[in-house]
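Novice: Chains as they are written, first to last, in this note's numbering: chain A, 1 to 377; chain B, 1 to 245.
Where hints are given, some of them may not hold.
To be verified - With a Cα cut of at most 27 Å, we get these calculated DSSO-like pairs of lysine-lysine:
no.	chain 1	residue 1	chain 2	residue 2
1	B	Lys-209	A	Lys-100
2	A	Lys-118	B	Lys-161
3	A	Lys-112	A	Lys-100
4	A	Lys-346	A	Lys-335
5	A	Lys-346	A	Lys-361
6	A	Lys-335	A	Lys-361
7	B	Lys-161	A	Lys-112
8	A	Lys-118	A	Lys-100
Said to hold, decoys possible - Footprint (simulated), chain B over chain A, 3 or more residues, beta carbon under 8 Å:
no.	stretch
9	26 to 33
10	54 to 63
11	77 to 91
12	157 to 167
Don't read these hints as lab results, they were simulated from the structure. Each residue gets a CB set at the ideal place from its N, CA and C atoms; glycine is no exception.
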Amino acid sequence: MSASAHGRCGGTPVIVGEDLAVRYRRRTVLEVDRFDLCDGETHVVLGPSGSGKSTLLRALGLLERPTRGRVLIDGAETSVGDRAARMMMAAVFQNPYLFKGTVGENVAYGLKLRGVPKADRTERVAAALERVGLSGTERASALQLSGGEAQRVALARALVLEPRILLLDEPLSYLDPLIKRRLVADFSEILSAEGVTSLYVTHDQDEAMVVADRVTILHEGRMVRTGPADEVMTLPTDEWVADFIGMDAALRGRITATDEGIAEIVIGGELVYGCTPLPVGVDVLVGIRPEDVMLFETGGGIPHSSARNRLVMRVEAVERRGSTDRVSLSSNGLKIAASVSRAASKELGLGRGTEVAALFKATAVRVAPAPSVPGGV
Amino acid sequence: MEVLWNAIVEAGRMLFSGDFTVYEIVFLSLRVSGLSLLIAMVIGIPLGYLIGSRRFLGRQLVMVIVNTGMGLPPVVVGLLVYMFLSRSGPIAELWLSISGATSAPRWLFTVPAMIVAQVIISTPLVTGVTAAAIGSVPRELRLQARSLGASAWHEAALTIKEARRGVMAAIVAGFGGIISEVGAVMIVGGNIEHSTRVMTTAIVLEARKGNFGLALALGFILIGISFAINNGLTALQQSGGRYER
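Next up, chain A with everything else stripped away, as it sits in the complex (with noise of 0.2 Å):
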């Protein structure tokens, strides 16, 4: 699978994977052709576990050699043995890995090592305390915080160095739902605020999509679809990418007409409104999120509504999932899915065969350019 242009990022690209292969004993972990991280972006890389996220992380990170290929940064080839290269990044891992010792201790390591004299590593593992919000920390055993102070103390030992590459590999996975969704946001709200170029590892897509400008997913070692955050996540291009991400895979479709950014997409035997800068005969992937689309009754009213889209769909299915109900729905070749709350399942009364005007806004359809390998990146 090759990188397209679809994948490379528009700034410059602070590190270069080329040609990147691990294989322990004769198992092949990670094959990667090409993967770049740009400055100034946060690039997470998604996968389930044992997609070789993690071993890519390393290998790009220079702490761990690969079996083959090249690292670049900033253009020059570099190795694990590159102390200077890897001074200019820093690590947090799934399990904060804090050292025995003090919260302060622990900061101040990395400054240590760099020879930062202790005048100026004190004020600064006061000021990177004061930013992960664990003020006054400092002579506090490291041993014994909690797992969401340890992930932040963690996150300060890697941001009191400023480095030029922060490297995320699963920061958050090990904490509980509360601390995680609170600790997401402050990556989040951190990450953006330091400008800091990341490369995020997760298995997590509501993570990825929080922190995200672009998204590379992972499977089985090999890059399967790789772009901006908010296309990934949302034109899942093949059946694997779609049941990972929780989507029904994009549909397939040609522009016939457009007028003032809103385009006449033709899928299978229907017409969709989507907005769309792409000219009229262009092969496109069409998503819309099941959130996106409202269901009413065929016969009555339905009320009045900017949607431009309005179809009469037919139900294929109704799932249960959490606390809403996933409706399965086709029409002329058209398969698209709603999420609606399980009390206007109800009074719909939704079962196999039902007949449902389906309403979704054209802004709710995403459009991207067709890859021209089916299934490709």
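Fit chain B to the supplied structure of chain A, relying on the hints for placement.
Specialist: This is chain B only, laid out in the frame that chain A set:
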């Protein structure tokens, strides 16, 4: 019971009467075992770190050798060192062929010979226990240090610090194995008065002569010194406990 009590009294009398011979024996014991321990640490701690933290070709073999070494009977070590260092041994032969002299110097029945034997006894102990302690520190901790800019040396220092209690236990084991050992120092040292007589060999000698009281008194001094040293090492091992897991 009276024998025990008398021995304790005698031990105290020997220690505080200013009996030069007793001091000499005690200090020689400490010198031989102390120096041996130091050398064993210099070899054993780095080697233990490598075995505990790296995967390399032949690691398995090194581990088997170390583990076997941990259980070597001191008397056998003494015997082997004796044969190697004797005037007709391989080292003497080598020395003769290099120097061109007609006779080799006497290495046996000297303090250095005793140190050689004790280093061979205590190095595997220090290495093996250190390796186990280092092995219990997660690999990812070194990865974390590396990701913050640590060199291989920094990683080693951090790991040893993390495994400090285990490494201290290795030192205690290494010291225990030689301060109380009699077989090797007896064979290689020869228990020569004012020269190679240490506490354990002196105890053997007095017991053989039938001076059980004196032998026991020396035994109590040995136990007392062991206790004091281990007390110090343990205090060091347990210090800073409030920052431990």
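Novice: Run every hint past the structure and note whether it holds.
Specialist: Cross-check of the supplied hints:
1. The straight-line distance between the Cα atoms of Lys-209/B and Lys-100/A is roughly 54 Å, outside the 27 Å bound, and the hint therefore fails.
2. Proximity of Lys-118/A to Lys-161/B is assessed by CA-CA distance (about 21 Å); at most 27 Å being required, the pair is judged to hold.
3. Note on Lys-112/A and Lys-100/A: the hinted pairing holds, with a Cα-Cα distance of about 16 Å set against a maximum of 27 Å.
4. Pair hint Lys-346/A plus Lys-335/A holds up; C-alpha atoms about 22 Å apart against a cutoff of 27 Å.
5. Among the hinted pairs, Lys-346/A with Lys-361/A is consistent with the structure: their alpha-carbon atoms are about 24 Å apart, no more than 27 Å.
6. Taking the CA atoms of Lys-335/A and Lys-361/A, the gap is about 16 Å. The hint holds against a cut of 27 Å.
7. Taking the CA atoms of Lys-161/B and Lys-112/A, the gap is near 16 Å; set against the 27 Å cutoff, the hint holds.
8. Of the pairs offered as hints, the one joining Lys-118/A and Lys-100/A holds, with about 20 Å between alpha carbons and a cut-off of 27 Å not exceeded.
9. A count of 0 residues in the stretch 26 to 33 of chain A with a Cβ less than 8 Å from any Cβ of chain B is obtained; the coverage claim is therefore unmet, three being the minimum.
10. Counting residues of the stretch 54 to 63 of chain A whose C-beta sits closer than 8 Å to any C-beta of chain B gives 3, which meets the bar of three, so the coverage hint holds.
11. Requiring three or more residues with a Cβ within less than 8 Å of a Cβ of chain B, the coverage given for the stretch 77 to 91 of chain A holds, as 6 such residues are present.
12. Under the rule that three or more residues need a Cβ within less than 8 Å of chain B, the assignment of the stretch 157 to 167 of chain A holds, with 4 such residues.
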